[in-house]
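Protein chains: 2
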Amino acid sequence: MAERRATNITWHHGEVSADDRARLLGHGAACVWMTGLSGSGKSTLARRVERRLIERGALAYVLDGDNIRHGLNADLGFGPADRTENIRRIGEVARLFVDAGAIVITAFISPYREDRARVRAMLAERFVEVHVATPLAVCEARDPKGLYARARSGEIAELTGVSAPYEPPEAPELRVDTSERELDACAERVLAHLEERGVLPRPSSGG
Amino acid sequence: MAERRATNITWHHGEVSADDRARLLGHGAACVWMTGLSGSGKSTLARRVERRLIERGALAYVLDGDNIRHGLNADLGFGPADRTENIRRIGEVARLFVDAGAIVITAFISPYREDRARVRAMLAERFVEVHVATPLAVCEARDPKGLYARARSGEIAELTGVSAPYEPPEAPELRVDTSERELDACAERVLAHLEERGVLPRPSSGG
Numbered sequence: 000m001a002e003r004r005a006t007n008i009t010w011h012h013g014e015v016s017a018d019d020r021a022r023l024l025g026h027g028a029a030c031v032w033m034t035g036l037s038g039s040g041k042s043t044l045a046r047r048v049e050r051r052l053i054e055r056g057a058l059a060y061v062l063d064g065d066n067i068r069h070g071l072n073a074d075l076g077f078g079p080a081d082r083t084e085n086i087r088r089i090g091e092v093a094r095l096f097v098d099a100g101a102i103v104i105t106a107f108i109s110p111y112r113e114d115r116a117r118v119r120a121m122l123a124e125r126f127v128e129v130h131v132a133t134p135l136a137v138c139e140a141r142d143p144k145g146l147y148a149r150a151r152s153g154e155i156a157e158l159t160g161v162s163a164p165y166e167p168p169e170a171p172e173l174r175v176d177t178s179e180r181e182l183d184a185c186a187e188r189v190l191a192h193l194e195e196r197g198v199l200p201r202p203s204s205g206g
Numbered sequence: 000m001a002e003r004r005a006t007n008i009t010w011h012h013g014e015v016s017a018d019d020r021a022r023l024l025g026h027g028a029a030c031v032w033m034t035g036l037s038g039s040g041k042s043t044l045a046r047r048v049e050r051r052l053i054e055r056g057a058l059a060y061v062l063d064g065d066n067i068r069h070g071l072n073a074d075l076g077f078g079p080a081d082r083t084e085n086i087r088r089i090g091e092v093a094r095l096f097v098d099a100g101a102i103v104i105t106a107f108i109s110p111y112r113e114d115r116a117r118v119r120a121m122l123a124e125r126f127v128e129v130h131v132a133t134p135l136a137v138c139e140a141r142d143p144k145g146l147y148a149r150a151r152s153g154e155i156a157e158l159t160g161v162s163a164p165y166e167p168p169e170a171p172e173l174r175v176d177t178s179e180r181e182l183d184a185c186a187e188r189v190l191a192h193l194e195e196r197g198v199l200p201r202p203s204s205g206g
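Protein chains in written order, with numbering that gives the first Met the number 0: chain R, 0 to 206; chain W, 0 to 206.
Among these hints, one or two may not hold up.
What follows is a list of derived Cβ distance ranges for each label pair [what the hints assert, rightly or not]:
no.	chain 1	residue 1	chain 2	residue 2	range
1	W	Phe77	R	Ala120	53 to 63 angstroms
2	W	Pro200	R	Pro200	19 to 29 angstroms
3	R	Glu179	W	Thr83	46 to 56 angstroms
Since the hints were made in silico from the structure, they are not lab data.
Note that this is a predicted model, so its numbers are computed, not measured.
Glycine included, every Cβ here is placed at the ideal spot set by N, Cα and C.
Given these sequences and hints, build the entire structure.
So this is what it looks like as structure tokens:
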């Protein structure tokens with residue numbers, strides 16, 4: 000009889016609910032989408048938020064250039080169409096992680112408002128946009144990958160914020176500037192926001 | 000390929016280790032890769048294994064046609080090149096879930112040995128290949144999506160096992176036939192295998 004039900008397509012979907020997953024993991028699911036210029040500190044902040052969440056017993060996972068650009072999206076370049084496809088795929092993967100019950104943190108420049116809006120539409124209230132709004136001058140002074148130097152010398156034709164557009168979020172859930180606050184203070188703001196949304200339980204005072 | 004493999008070395012910053020994740024979740028990470036014909040019972044079995052794992056407190060998640068073909072891989076068709084890209088992307092997403100510490104279960108026909116071998120090479124000992132070896136005649140009698148009928152009438156040009164090749168695994172970690180055993184018995188074999196590998200802790204006798 001169970002065998003019979005198994006062939007029913009609606010049965011596939013109802014096996015494990017989002018509530019089952021929240022009970023298992025002890026927190027809600029969300030996608031913390033960090034957007035900002037190269038050198039703004041997105042990936043560093045994402046990794047710190049991930050660690051803090053794991054320390055608090057939450058299943059967090061970062062998607063960034065390190066694990067996406069060399070893997071899933073290794074076939075994509077940096078032209079406008081490929082950038083859009085890059086963000087589409089990352090949004091879809093983020094949706095899978097949210098569906099699995101995790102707190103997924105993405106760290107990509109994601110310069111186009113329309114691309115981010117599509118991901119937001121897909122994830123609805125699970126989407127938490129964080130604008131890592133470190134000023135261009137600071138990003139350029141940091142230049143962790145040497146991209147700004149290469150763009151200024153003409154070696155790179157298109158760099159976001161220099162020779163390619165960056166469309167800042169108009170109403171992000173959070174805005175942080177990693178040149179204004181310590182990394183841990185920035186991470187704390189993200190965690191506090193997740194608590195406010197009810198994604199992350201507040202630490203018990205007994206702690 | 001070689002380029003991808005070379006860059007894998009630096010793909011992970013290491014803020015949170017695999018051990019941290021195993022401690023958090025209480026189990027190891029793995030990719031249970033189900034391969035077999037349409038109608039063999041891959042997706043049904045995958046969902047049952049997922050439910051059983053969640054009931055045991057393990058973070059399991061299924062990737063199958065329902066959440067991949069309409070999302071991440073909505074841009075791909077069913078020709079040989081697109082099938083290969085389909086499996087490549089699924090392998091990459093499975094790797095991300097394994098990296099996050101989860102037990103990810105994939106349910107795709109994945110007919111080509113070479114495509115599966117690439118995923119195995121990437122995931123190494125985390126890859127658990129399960130051949131859902133239900134005989135073609137049984138799959139065709141079930142025909143849950145009506146594909147066999149449409150293939151026999153010529154309406155579908157290429158169907159795996161009928162007019163397109165299926166290359167069965169030569170040495171899968173497990174082989175199950177959903178026409179020989181009850182669904183729960185098949186699921187139990189998968190769980191027992193995960194226990195044997197040390198991915199899943201054995202249930203405490205205290206129950």
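Beta-carbon spacing of Glu179/R to Thr83/W - inside the hinted bounds 46 to 56 angstroms or not: holds, 48 angstroms
Taking the beta carbons of Phe77/W and Ala120/R, is their distance inside 53 to 63 angstroms? 28 angstroms Cβ-Cβ, so the 53 to 63 angstroms window is violated.
Is it true that the C-beta distance of Pro200/W to Pro200/R lies inside 19 to 29 angstroms, as the hint says? With Cβ atoms ~25 angstroms apart, the hint holds.
Checked against the numbered hints listed earlier, the structure breaks hint 1 alone; every other hint is satisfied.
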